[in-house]
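> Single-letter residue listing:
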Amino acid sequence: MKFADFVCFEAIIPELKAGDRDGVIAELVSALYKVGRLGKGNCEEIIKTVIKRENEASTGMGKGVAVPHVKHKVVKDVVATVGRSSIGIDFSSLDKQPVYSVILIISPVDNPDKHLQVMESVFKHLQEEKFRKFLRQSEKAEEIEDLLREADENPSL
Amino acid sequence: MKMQAEENTLEKVVCEVGVEIKNADGLHMRPAMQFVDVANQFECDITVSNNENDVDGKSIMQMSMLAATCGTKLKVKAEGADAQRAVNALRELVEEKHFDEPVPKND
Numbered sequence: 022m023k024f025a026d027f028v029c030f031e032a033i034i035p036e037l038k039a040g041d042r043d044g045v046i047a048e049l050v051s052a053l054y055k056v057g058r059l060g061k062g063n064c065e066e067i068i069k070t071v072i073k074r075e076n077e078a079s080t081g082m083g084k085g086v087a088v089p090h091v092k093h094k095v096v097k098d099v100v101a102t103v104g105r106s107s108i109g110i111d112f113s114s115l116d117k118q119p120v121y122s123v124i125l126i127i128s129p130v131d132n133p134d135k136h137l138q139v140m141e142s143v144f145k146h147l148q149e150e151k152f153r154k155f156l157r158q159s160e161k162a163e164e165i166e167d168l169l170r171e172a173d174e175n176p177s178l
Numbered sequence: 386m387k388m389q390a391e392e393n394t395l396e397k398v399v400c401e402v403g404v405e406i407k408n409a410d411g412l413h414m415r416p417a418m419q420f421v422d423v424a425n426q427f428e429c430d431i432t433v434s435n436n437e438n439d440v441d442g443k444s445i446m447q448m449s450m451l452a453a454t455c456g457t458k459l460k461v462k463a464e465g466a467d468a469q470r471a472v473n474a475l476r477e478l479v480e481e482k483h484f485d486e487p488v489p490k491n492d
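As given, the protein sequences belong to chains A and B, one line each in that order. Here our numbering is used: position 156 in the first sequence is 177, and no number is missing along the way. Here our numbering is used: position 62 in the second sequence is 447, and no number is missing along the way.
No wet-lab data here; the hints were simulated from the structure. The reader is advised that the hints may include incorrect statements.
Stated by the list, open to error - Listed below are the simulated EDC-like cross-link pairs for lysine to aspartate or glutamate, each with C-alpha atoms no more than 20 angstroms apart in a straight line: (1) B:K407 / A:D134; (2) B:K460 / A:E141; (3) B:K443 / A:E150; (4) A:K84 / B:D441; (5) A:K73 / B:E486; (6) B:K407 / A:D131; (7) A:K92 / B:E486.
Computed from a predicted model, the values in this text were never measured in an experiment.
Generate coordinates for the entire structure from the input sequences, incorporating the hints supplied.
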């Protein structure tokens, strides 16, 4: 699975405005909603669902990244977007460090295998220090898109 | 010769077990976290592999890379003094408790 298969590039946020976790989640869900990727879904309700999931267990995996995600009936296929914060967000991460890169993933309810494949692709790259560094340093949406497309071509990035 | 004997007493215990993912949603983040939590209760090194990758069973990022769907068979290898206990606990979590999640319906 490639980033281009599930990341909605039009909804990338290169500089998140919010300074807190819930605000960041709301910004990213709203971005997907505005470009029509959440169909007839209720934006507020989806935001609440993601926050509820995040409260159950943090998706802040350490090393400055968080991957909030839910399964939701509004999507037929996995859709994701990326947000970058230069100030760093408290996500109650495993390593208690602030988060600079957030990948929000909304998966369909009836395709657990696809969700796992997306997670595999995301973490394969997030594992790479170089990828995390570039993601954190990309100041424009186009730069983030370029990085993701490059990662799709280069498994070691 | 004495050195040799000392080395032997420090020899690592290595245990390996095959497990199959049985919960319907597979090894998504919550079960992966449970796995890592259990793995971290032990001193030994733990490696988990599917056919393609060997990953650190104590790292949530690496465990998330396995994309282990329901029915996937994994190998859990532990190296260290408490390897046997670790392997037993992890096998129980995956195969018997199936991460306290539903298994697929047979219909």
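> Next step is simple, just say for each hint if it's right about the structure.
Going down the list of hints, with the structure as the test:
no.: 1; hint: B:K407 / A:D134; result: holds, 13 angstroms
no.: 2; hint: B:K460 / A:E141; result: holds, 18 angstroms
no.: 3; hint: B:K443 / A:E150; result: holds, 18 angstroms
no.: 4; hint: A:K84 / B:D441; result: holds, 16 angstroms
no.: 5; hint: A:K73 / B:E486; result: holds, 19 angstroms
no.: 6; hint: B:K407 / A:D131; result: holds, 17 angstroms
no.: 7; hint: A:K92 / B:E486; result: holds, 16 angstroms
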